[in-house]
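Listed in order, the protein sequences are those of chains C and B.
Residues in the first sequence are numbered consecutively from 1, following the numbering used here.
Residues in the second sequence are numbered consecutively from 1001, following the numbering used here.
Think of the hints as simulated: they come from the structure by calculation, not from any bench.
In this text, all values refer to a predicted model and were calculated from it rather than measured experimentally.
Fair warning: there could be bad hints in the mix.
[Stated by the list, open to error] Chain B regions said to be covered by chain C (calculated; three or more residues, Cβ under 8 angstroms):
1) 1100-1112
2) 1197-1211
3) 1262-1274
4) 1319-1326
Virtual Cβ for every residue (Gly too), placed ideally from N, Cα, C.
Protein chains: 2
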Amino acid sequence: MFTVRTPEEAVEIIRANCCRKTHTEFVPLAECAGRILAEDIPAQEYVPGFDRSTVDGYAVRASDTFGCSDSIPAILPATFAVEMGRDPEGPLPAGACVYVPTGGALPDGADAVVMIEYTEDYGDGTIGIMKPASPGANVIYKGDDVYPGKVVLTAGRRLIAQDAGALAAMGVLSVPVSARPVIGILSTGDELVPPSEVPSGGQIRDVNSVLLDVLCREIGAQTKSYGIIRDDAGLLTDALEKAIAECDAVLISGGSSVGARDATAEVIERRGRLLFHGIAMKPGKPTILGLAGDTPVFGLPGHPVAAFFITRLFVREMIAGMTGEILQDLPVKARLTEAISANHGRSEAIGVRITEENGQRYATPIHTKSGLISSLAGSDGFMLISRDCEGLPAGTETDIFPY
Amino acid sequence: MFTVRTPEEAVEIIRANCCRKTHTEFVPLAECAGRILAEDIPAQEYVPGFDRSTVDGYAVRASDTFGCSDSIPAILPATFAVEMGRDPEGPLPAGACVYVPTGGALPDGADAVVMIEYTEDYGDGTIGIMKPASPGANVIYKGDDVYPGKVVLTAGRRLIAQDAGALAAMGVLSVPVSARPVIGILSTGDELVPPSEVPSGGQIRDVNSVLLDVLCREIGAQTKSYGIIRDDAGLLTDALEKAIAECDAVLISGGSSVGARDATAEVIERRGRLLFHGIAMKPGKPTILGLAGDTPVFGLPGHPVAAFFITRLFVREMIAGMTGEILQDLPVKARLTEAISANHGRSEAIGVRITEENGQRYATPIHTKSGLISSLAGSDGFMLISRDCEGLPAGTETDIFPY
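Given the sequences, and given the hints that come with them, work out the whole structure.
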């Protein structure tokens, strides 16, 4: 007999059963943003590949500048000048100095650079150094940044522009990322019509097909749509079987459709096993999860707000498991503009609008009862209320997870 | 004479001079995520389009149930049943009740629904109602959610999956969004080689072309790359003129390249005017901004970390202005793992790694001196230190802007 699971238990079950890793594929550097890194990336080279100056100035042996000052400069012959992008002409002769631009290579023998502001060119081939340099001053040594074998980016990271920059600096042009799992999406319910149609009496537009498609792609999956399936056991079973054969996981939504629930449970039981039947949370309690063979099948509630939250909170865990993504959810603080009532033993997810006034951030809960479109449109994040919460007064500072 | 601007002044100048709106284009609903809504979207229809039940139960006239209870049920004949997706067969006869499933249409005359749990089917065509319903109980009225003319999504919003869901519910299949501005990207510097090449002595790989390309696309622009331009006044001017002619704005980076700065300033002065020359912030002080004709041209520092921050903080303002995006930056709180020193009159942007331990969030500053790749790779967000900051001790709770 299956009991209703807490959200924490549901996540554990998903992680243990539904996260078969996708294969690794290689994408061009320019296309890596948003993808999940499949392997640790170690540096192959020393960066910088040579000792570099961090300032415009004169490369010296630090010991040649010890004790100098404005009034008693160290006077060193300037032999050659280092040019950007070129190897120095030779080593630094003993007791001499060499001009180096910012980023230029230090000649062998030099161990410090004196900023040009602290030097004077006497015009006779000698330079006055007014300030002593300690060894290593204004120098980045070869390998200071990275060296062969040092892990620069770790597997599981969702790559961003700066990571692409780091990969460019290392010469990694083809990036190993996890293939996007293919998520099949089916809507059921005899009352549903495609968004392109004007609903007639009793009908409503199918929101979940679009919502779950866009959401799963935002999360990092590819999607495959199977459209609206009529509430007929045979049709539902056929469509489900087709989706299971073609996808890494399947989402079927249709809470008001008893046939969908039955067909989903039937296919799962014939082909695999039910993992849970119900999550103790609001909205989304009637969620089913099972395995058909080893393909996860979610039976989602038909109400789009419920389907959204179950996907955001649980399907996302599955997709992250499949790509190996390390999820990092960073809540922001905001004060409630109104009280939240106790929720009697069920966790609750509530969408909020975030506003700012006089430097204070506020969260206004969006009540699902205010209607489907209003609850979906224009929300900025959500809050999670634990199941033992006794209610929260207006003004409470809470954690909001921004979208 | 141009003076160095504070970051706040720089943003004002950008907003006032560099934010020519792009045109509006229409994208299919499934492709709207991440795009900036160009117009307010008002509802065209009533949603729901009919009075609906929110529960499985019996539609009644509330007044027929007043005073009933478990022991003295109101006994009402059940005439017909409403089917999902169908108009009711007719109005609710006086003194009768009608079965309605969740989401089903209320027949005319009904003004409340009694949940099935509070009813009993006597099997003789009559239903016992055990609990009185007040008018409106378990009913969503036509237009409760939205009505014609009500603005559902406002212009300037970056669209997410739930917005796509709301648009689907309203039958909006083609979404008006701001065209992505085209940003031209040039790198200069004789020391630069493409990421595909192994740098020889004194050379380094061109990081900015990739970094700025990916970053501008993350922000919401299209990009056009002009590659690495040698530090030659004629070549730089030609490349800049070409980019200015083909793009909505141009980013040229090359801080160590004096020629680039000169050529940029020369083209700007010949073709338009300099807006500022220097921002009082670290890193990124030597940033130039000007107009060539009415095309903004940013001269960015060559150091990728500086180029990154100037793009994230200032180019992003320009792109948001061009698309009309309303930016909403939501910092999260984290405790510094180490002290930050005073920054003597310059604002400072510092990348951080975010970690969590025992429910406490920590931010570890990434020092630019720790090297290019290490400063770019694996950072999770950044902090902004104001110019009058006297330093922050370890353990200070600060605002972090996550990437």
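Exercise for the section: Any hints from earlier that this structure breaks? Give me their numbers in increasing order, please. Expected result: 3 and 4
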